[in-house]
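Chemist: Mind docking chain B on chain A? Use the hints.
Protein chains: 2
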Amino acid sequence: MPNSTSPALLSVATALARILASLQPTAVQRLPLADALGYFLADDIKAKLTLPPHDVSSMDGFAVRAQDVAACPASLTRVGESAAGHPWPGRLGPQQAVRIFTGAYVPDGADCIVIQENVAAASEADGSQITVLKAGSRGRYIRPAGLDITAGDIALAKGSYLSARRIALAIAAGETSALVCTPPRIGILSTGDELVPPGTPPGPGQIISSNAAFLTAFVKNCGAHPIDLGIAIDAPGAVHTAVSAAHDLDMVVTTGGASVGTHDHIVSDLAHGKLDFWKIAMRPGKPLIWGEIGGIPLLGLPGNPVSTAVCALVFLQPAIAALCGGQHTHAMFRAAIATDMPENDQRQDYIRATIETTEAQLAVRPATKQDSSMMGVLATADALIVRPPFDPPLTAGDLVDILPLPRLF
Amino acid sequence: MPNSTSPALLSVATALARILASLQPTAVQRLPLADALGYFLADDIKAKLTLPPHDVSSMDGFAVRAQDVAACPASLTRVGESAAGHPWPGRLGPQQAVRIFTGAYVPDGADCIVIQENVAAASEADGSQITVLKAGSRGRYIRPAGLDITAGDIALAKGSYLSARRIALAIAAGETSALVCTPPRIGILSTGDELVPPGTPPGPGQIISSNAAFLTAFVKNCGAHPIDLGIAIDAPGAVHTAVSAAHDLDMVVTTGGASVGTHDHIVSDLAHGKLDFWKIAMRPGKPLIWGEIGGIPLLGLPGNPVSTAVCALVFLQPAIAALCGGQHTHAMFRAAIATDMPENDQRQDYIRATIETTEAQLAVRPATKQDSSMMGVLATADALIVRPPFDPPLTAGDLVDILPLPRLF
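In order, the protein sequences belong to chains A and B. So the working numbering is basically just the index in the first sequence, starting at one, shifted up by 6. So the working numbering is basically just the index in the second sequence, starting at one, shifted up by 6.
Any given hint could turn out to be false.
The list cannot tell twin chains apart, which means a pair is met if one copy fits it or any two copies do.
Here are the simulated lysine to aspartate or glutamate pairs, DMTMM-like style, with alpha carbons at most 20 angstroms apart [what the hints assert, rightly or not]: (1) 292 x 404; (2) 292 x 351; (3) 375 x 159; (4) 375 x 61; (5) 140 x 117; (6) 292 x 123; (7) 164 x 388; (8) 375 x 349; (9) 164 x 61; (10) 292 x 282; (11) 375 x 351; (12) 164 x 282; (13) 226 x 159.
By construction, these hints were calculated from the structure, which means they are not laboratory data.
Bound conformation, chain A alone (with noise of 0.2 angstroms):
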């Protein structure tokens, strides 16, 4: 039969190896950073501006020196104010102090803030004399300027992806644009004479095209463009002919016949490209093809969308991070199993499971069913637990790997 000529399954890090090792980042532009959520940065930025710009204070109090209160009660007498936006002028004498707000400049020789549970004051008017109850030590409730960043430091790396955080970063930071990767042009093909598109009630032996649902939003997630290539049909050159009439396309992502059945074509469609692989010892996702075709990189998924979503998880999103000039690796977790398990065979398993939380412990539970098929099992998973090849036999209560579903998967 026909797969009796099948290669040594691939394992999944060398798999993913060696479709990173084949991808080039797509151009750039610059875009306003309010604009730019979700895209990778393709050159540092580096701060315009020192944050704090000035030793402020980080708490509401009193700016005062710090050897005038070593010995408590100690009177002093308030000659200003500073407040986040009004810095105060002058420079602190011996026994005086200064009103000082969170976020505001420490007036040059203060070197202490006390803050205001500490201080009797009977007014706030300047020229009013102020008791300090208790001793503060150089340097309390003072953040330094640069304590954060630094003019000329490197703010966030070529390659960093930019989320709000890092956004505000760079923003505080000075900066009002990035250059970043334009997001790369990504074809979806889904293969099948079995699919109908949606809207269409399908007829016997015919199921709706879901997978092309599926990558369309997960491609947006990731940073890049879906760009809908429709429905091939089981027959040689298919995959051919629809990649050939697209443009500009950095991948072409295929569902389905990724198998050698008589009926599975894009392995042999790879004679107008190349192919690099196909089979990985992964569960779900063994028929999984990375090659080229029309000088343009072809990831094909299985079919099954619990193996498209998962092999779409585990090698799409690393790829277009890697079309972006980045980086993405998913954070792994360990939790408890809810369950015994049974010994691995040889292919790494994505088992679909809930994680089950309690005031004592976290524990993750395999769906009972683990079905490539299942869709539901998956609309309503948790995480993934990843055992590794040949994984010994485990009993509830031991450790497990976990690769939490992200919120938009």
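Modeler: Coordinates of chain B only, in the frame set by chain A:
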């Protein structure tokens, strides 16, 4: 001094519960599923179709009667082919086999799939003899009709967050649109005389406003519409004036001015509305305000950027989900800390940390500096270590709760 009259500190859980209890979902709208990524469902989606619609094969091989292959080798006559999208229309009789491919309908009369690796077949022609080398059992490699979902079942429940995999499920189940909650309109108002807008060179005592940029991106990530209300000066009534000028807001989020210093006016401005609470047992984020101004819920975040960001994660994201008729709970995990940590005080602590993964374990290392002004530390953090009030001293290797920072945060 002013805050000697401060109320007792609320716990984070109580504060969040009071915020969520006071919010009502916004209006609803119907959207094509292709446009509904990141929305919350305002109604159940019931499956219109059964998936799979018929018993289908999960492998490439031959559909047979299990009783005919109970003893092997067994010789059968190939009578046809069933491929995905091309069901075989007949009924399988004794000693007959139908060539079958993954996803294809199992012919009537067949109750077992023999995988092609276990068959010796002379040709792919109908009428030819095949030899089954290894016995199969009833139901083997058959996905029964309805394994995934049955028409009429709830595919996605009201309140579900529409991620990529859930949109795909709804489409596969025959749906094309979804009733979703209209994205709430969230007014974002920065306060502080020290702030200048991005693009303006700061003068003495001034800094660039960056919290609004953070919140704009964050609010988008949460599925809501940010509305820029600009920067309010530190003067009584300024917040009320700015909010009154905006239209159709579902919530206002302010940053800064949340203490009770002479220059902090948000609490007093809530005389124009109502003050539910301010000050919570949290670090960063103690001066958090929840109230109402001009009939609009107001969340007052502290002005330090890390406090703003952490409080947005802890309170604003769940609040937006509640306005959308959904729920958001941050996934929490456990990991070993990489260093000793001292006893915690009465405030729940959200400690910026990086994750260090080795083959043997996953450790979480608190950043050396935890000052709530330090955007650079936040920008490179992987997770927050969440320590409950009065947590005892910890030793390196002890397990702590961690909140991994979302990718777009």
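Chemist: Against this structure, judge whether each hint is valid.
Modeler: Hint by hint, here is what the structure shows:
1. 292 x 404: Neither. Shortest intra-copy (27 angstroms) and inter-copy (39 angstroms) distances fail the 20 angstroms Cα cut-off.
2. 292 x 351: within (13 angstroms within a copy, 52 angstroms between copies)
3. 375 x 159: Cα proximity of residue 375 and residue 159: across copies only (18 angstroms, versus 52 angstroms in one copy).
4. 375 x 61: between (60 angstroms within a copy, 17 angstroms between copies)
5. 140 x 117: For residue 140 and residue 117, only the intra-copy Cα distance (16 angstroms) is at most 20 angstroms; the inter-copy one is 86 angstroms.
6. 292 x 123: Between copies only: 16 angstroms across chains, 66 angstroms inside a chain, cut-off 20 angstroms.
7. 164 x 388: between (32 angstroms within a copy, 18 angstroms between copies)
8. 375 x 349: within (17 angstroms within a copy, 44 angstroms between copies)
9. 164 x 61: neither (30 angstroms within a copy, 52 angstroms between copies)
10. 292 x 282: Result: close within a single copy only, 15 angstroms intra versus 56 angstroms inter.
11. 375 x 351: Within one copy only: 17 angstroms inside, 46 angstroms across.
12. 164 x 282: neither (30 angstroms within a copy, 44 angstroms between copies)
13. 226 x 159: This pair counts as neither: shortest intra-copy Cα distance 32 angstroms, inter-copy 29 angstroms.
Hint compliance for this structure: hints 1, 9, 12, 13 are broken, all remaining hints hold.
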